[in-house]
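J.: Listed below, chain by chain, are the residues.
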Amino acid sequence: MTYVKPAFRHPEAPINDLGYTRQVYEGGLSTLCAGCGHDSVSAAIIDACFELSIEPHRVAKLSGIGCSSKTPAYFLSGSHSFNSVHGRMPSVATGANLANRDLIYIGVSGDGDTASIGLGQFAHVVRRNLNMTYMVENNGCYGLTKGQDSATMDTGSSNKKGDVNLYSPIDLARLAIEIGATFVGRSFSGDKQQLVPLIKAAISHRGFALLDVISPCVTFNNHAGSTKSYENVRNSNEAMPVDFVPMREEITATYDSGETCEVCMHDGSVVRLYKQKNDYDIEDRQSALQAIHHYQSQGKVLTGLLYIDRDSEELHDVLGTARRPLNTMTEQELCPGSKFLDSINAGLR
Amino acid sequence: MQVKQSVNDFVIKFANVNGTGSASANGMFAKAIFRMGIPVSPRNIFPSNIQGMPTWYEVRVSEDGYLGRRGGTDIMVCVNPQSMAKDVAEVEPGGYFVYDNTKPLDLRYVRDDIHYIGIPLTEICLREYTDARQRLLFKNVIYVGALAALLNMDFAVLKDLVGDQFKGKEKLITPNIYALELGYQYASNNFECPIGIRVESGRAVAKHIKDFDNILMDGNTAAALGAVYAGATVAAWYPITPSTSVVDAFDKYCRRLRIDPGTGKKNYAIVQAEDELSAMGMVIGANWNGARAFTATSGPGISLMSEFLGLAYFAEVPSVLIDVQRAGPSTGMPTRTQQSDILSAAYASHGDTKHVLLFPATPAECFSMTLESFDLAERLQTPIIIMSDLDLGMNEWMSPPLEFDDDFRYDRGKVLSGDDLEAMTERFGRYLDVDGDGIPYRTYPGAHPEKGAYFTRGTSRDEYAAYTEDGAAYVRNMDRLLKKFETAKSLVPAPKIKQAAMETRFGAVFFGTTASPAYEAIEILEKEGIDLDTMRIRSFPFNMDVEEFLKEHDRIFVVEQNRDGQMRRLLLNETYAPAKEKLVPILEYDGLPVTARKIATMIRNYITHGNVTPINRRRRAADAEEVVA
Chain A
58 MTYVKPAFRH
68 PEAPINDLGY
78 TRQVYEGGLS
88 TLCAGCGHDS
98 VSAAIIDACF
108 ELSIEPHRVA
118 KLSGIGCSSK
128 TPAYFLSGSH
138 SFNSVHGRMP
148 SVATGANLAN
158 RDLIYIGVSG
168 DGDTASIGLG
178 QFAHVVRRNL
188 NMTYMVENNG
198 CYGLTKGQDS
208 ATMDTGSSNK
218 KGDVNLYSPI
228 DLARLAIEIG
238 ATFVGRSFSG
248 DKQQLVPLIK
258 AAISHRGFAL
268 LDVISPCVTF
278 NNHAGSTKSY
288 ENVRNSNEAM
298 PVDFVPMREE
308 ITATYDSGET
318 CEVCMHDGSV
328 VRLYKQKNDY
338 DIEDRQSALQ
348 AIHHYQSQGK
358 VLTGLLYIDR
368 DSEELHDVLG
378 TARRPLNTMT
388 EQELCPGSKF
398 LDSINAGLR
Chain B
33 MQVKQSVNDF
43 VIKFANVNGT
53 GSASANGMFA
63 KAIFRMGIPV
73 SPRNIFPSNI
83 QGMPTWYEVR
93 VSEDGYLGRR
103 GGTDIMVCVN
113 PQSMAKDVAE
123 VEPGGYFVYD
133 NTKPLDLRYV
143 RDDIHYIGIP
153 LTEICLREYT
163 DARQRLLFKN
173 VIYVGALAAL
183 LNMDFAVLKD
193 LVGDQFKGKE
203 KLITPNIYAL
213 ELGYQYASNN
223 FECPIGIRVE
233 SGRAVAKHIK
243 DFDNILMDGN
253 TAAALGAVYA
263 GATVAAWYPI
273 TPSTSVVDAF
283 DKYCRRLRID
293 PGTGKKNYAI
303 VQAEDELSAM
313 GMVIGANWNG
323 ARAFTATSGP
333 GISLMSEFLG
343 LAYFAEVPSV
353 LIDVQRAGPS
363 TGMPTRTQQS
373 DILSAAYASH
383 GDTKHVLLFP
393 ATPAECFSMT
403 LESFDLAERL
413 QTPIIIMSDL
423 DLGMNEWMSP
433 PLEFDDDFRY
443 DRGKVLSGDD
453 LEAMTERFGR
463 YLDVDGDGIP
473 YRTYPGAHPE
483 KGAYFTRGTS
493 RDEYAAYTED
503 GAAYVRNMDR
513 LLKKFETAKS
523 LVPAPKIKQA
533 AMETRFGAVF
543 FGTTASPAYE
553 AIEILEKEGI
563 DLDTMRIRSF
573 PFNMDVEEFL
583 KEHDRIFVVE
593 QNRDGQMRRL
603 LLNETYAPAK
613 EKLVPILEYD
623 GLPVTARKIA
633 TMIRNYITHG
643 NVTPINRRRR
653 AADAEEVVA
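Residue numbers (the numbering used here), protein chains in the order written: chain A, 58 to 406; chain B, 33 to 661.
Bear in mind the hints are in silico, worked out from the structure with no lab data behind them.
Treat the numbers as computed from the prediction; the structure is a model and nothing was measured.
Take these hints with a grain of salt, some might be off.
[Claimed, not checked] Computed footprint of chain B on chain A, listed as stretches where at least three residues anywhere in the stretch have a Cβ under 8 Å from a Cβ of chain B:
1) 138–148
2) 156–165
3) 200–208
4) 213–225
5) 349–360
6) 385–396
Just so it is clear, CB atoms sit at the ideal spot from N, CA and C, and this is done for glycine as well.
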């Protein structure tokens, strides 16, 4: 890899509705291993934000600890970012969102960060339906600490030392659907065609959006015998293509009604899904769980938008908080003043 | 047998079974004496249980205004057969034992040096009520009525209190007053009332409570009000005794004050987190994003929050944490008090960390220090931990009224707005010490389209928040944090120092709820010819006043409620270390609030048996007195 990021850009590089080139959405130079799936995910986030014409300073990036959690440094350098502690990104994201509901929150986590040390916080941020996009860069192993098995490693998959995992894996997508997630997608870092529209849909979703992205670890988990190697994921990926049409655009593409369905998002955007052999209802939890399980039992991984509940109440709706961000409330609005304190004192005499 | 004679100066204790409704009757008893204008300090001594275990309520009546525990019991009101043996033994000679004599008293409980007052509580209830629940509840009200006659309490005040208590449930007023009268009548008809120990209104009280403009309130409610007044908009917490009522009270006041009348929407958010880790994470996230946020917890929560406290310290995110301490370690004794989180809070987290601590001693200070803590947190960009305890947080204390100055303005610290960033020509450095006080400037996410964004992390970075593992950059940053901690010394509340009337080389140091009984102990000792200057510590880091006090005295008694002398250790660690033997630990850690007698005894024993002779007493000029009793 090179250690200098070229500053040169094509003078006719495309610009988005804000007049920004894709370069505006980039970040620092990645320090991950060459070929790491996570870098592809960062690139997909950059594409999605560029294409959605999001103002970078309206995004807050949050992460925990691990290879995946380093990646917010590699995209959207114009956004504030918070690399918190291991497994605790959901709580920091919750607090941040409570303070300012108007920003776009993108959390990046890994399988160790989410499925092991952070499983508790993950479950509760799902339950609360916090309005955020939560990406898991899932490679089935611990990278920064050099290749230990993680809780998402499939039973029967072997690690680099050749040990076969006999524990049962945690399937984050199934778990999230089970405990009330309102948007669950799964994708593969190597499938940009599917991943970018999924990220756009996740950002457009009002409520908690999980994207479980299988993102192979080239250094510790890319060997024969690993179910999360590039080769195995390519072979077992049962991908449902996804298109994302922003709300302003007219839907022009033609399609066969039997093979696609359109899901209108909260903001008026449309997610178009190309179904394959399955005909399950992605707005039905049981149906989604069955479809995921059906492919898993055949050694396949179903990817695409797996489940969506378009009309859910996010945390602020449930709490009944003011429309205006809490961090904009002024002293005059918040402090009751001495008169009220006099009445408190009077009641305590 | 001697009859103990005492007006407005005694300790009465109620021995009850928890979950039987005794708390509200006992509370009414204490409040009635308070409304008669007599200083009172009630304390719940309760089990970690919902129903069926022994619970006590101790009320100290003291016209001298002593609000700490004295030690010993003059009147025991025992309605719990489970604890009777212990309760009888506790009564001071000449004191009174009030009990339910529906069944004859077990002869083993008969002492010849105390007085017995039998009131057939069960018999009266069986006669008067048919409903089992009423028979249980009114038993409590009946003994309060009997005490009114025995102790010469103002019956009209009690009746008013019943009216206040059942506002909105008027149906209950008449039966409660009737129950009070049943007890009152029985005592009047069967005993010579009042007894030797009694109350009298209109007598002089201690000068610091002179005009009796006091209020009766618990520290947790006061702290919650402090957070409301400070403009806290986010509270995240996990239920834990004895801190739970902080957020309960915050919720109560926010419902009254923070709901937009137009939209019905809330100008605040309260989230009950899945654990203390998450609660602290939410507080950090919200503060990072420019809202004032806090949490309340107790010792086990401090342990769980420690990792996050380190992050907040290092990433320099303001946070406010109210620690209502209880007996530890581990789950410890959840409903008993201690001051045993001092070291774990001061140094919470791995690596080199130090946190700013505040030590309130009264509900008024719980209010003012919580209010102040948000300014300190934002000014210093670091966690502020308010070290309350169960005794202060959950008991009602007589306190000066809460005060708020309408000219007070929040100090939101060094925050660059969008306009500031726009006008800036130099490069923004999140961790750059621009002003030389160790405190850098921060920005809120979303402040400016092109400037001010930075990467917050708990791993090393340079002045511009860029990742680096360069040792020199790490050291520069750690040293700046130390400089910031030095700056904190000039911002945190100074200690309250009180000189003895006589010159002395002895000093006593204490903090929080130890202050009240300690001041009383110092007065007891003064009468015996032992003089001590005192210093009530109100914050950590320690400033020069603390250093001076330690320097000026040869023997300093550090009075605290924990086993290991944690404040003493902190003083040894964090001041220009005086000789270890100069600081004498005076410790109580049985989970009950320390008593004045115990403190006096321990100091006296040290001085009389420790070959330490007081110097010849010499009077010195009078000094302004501290108001906390």
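J.: What are the numbers of the hints the structure violates, in ascending order?
T.: 3, 4, 5
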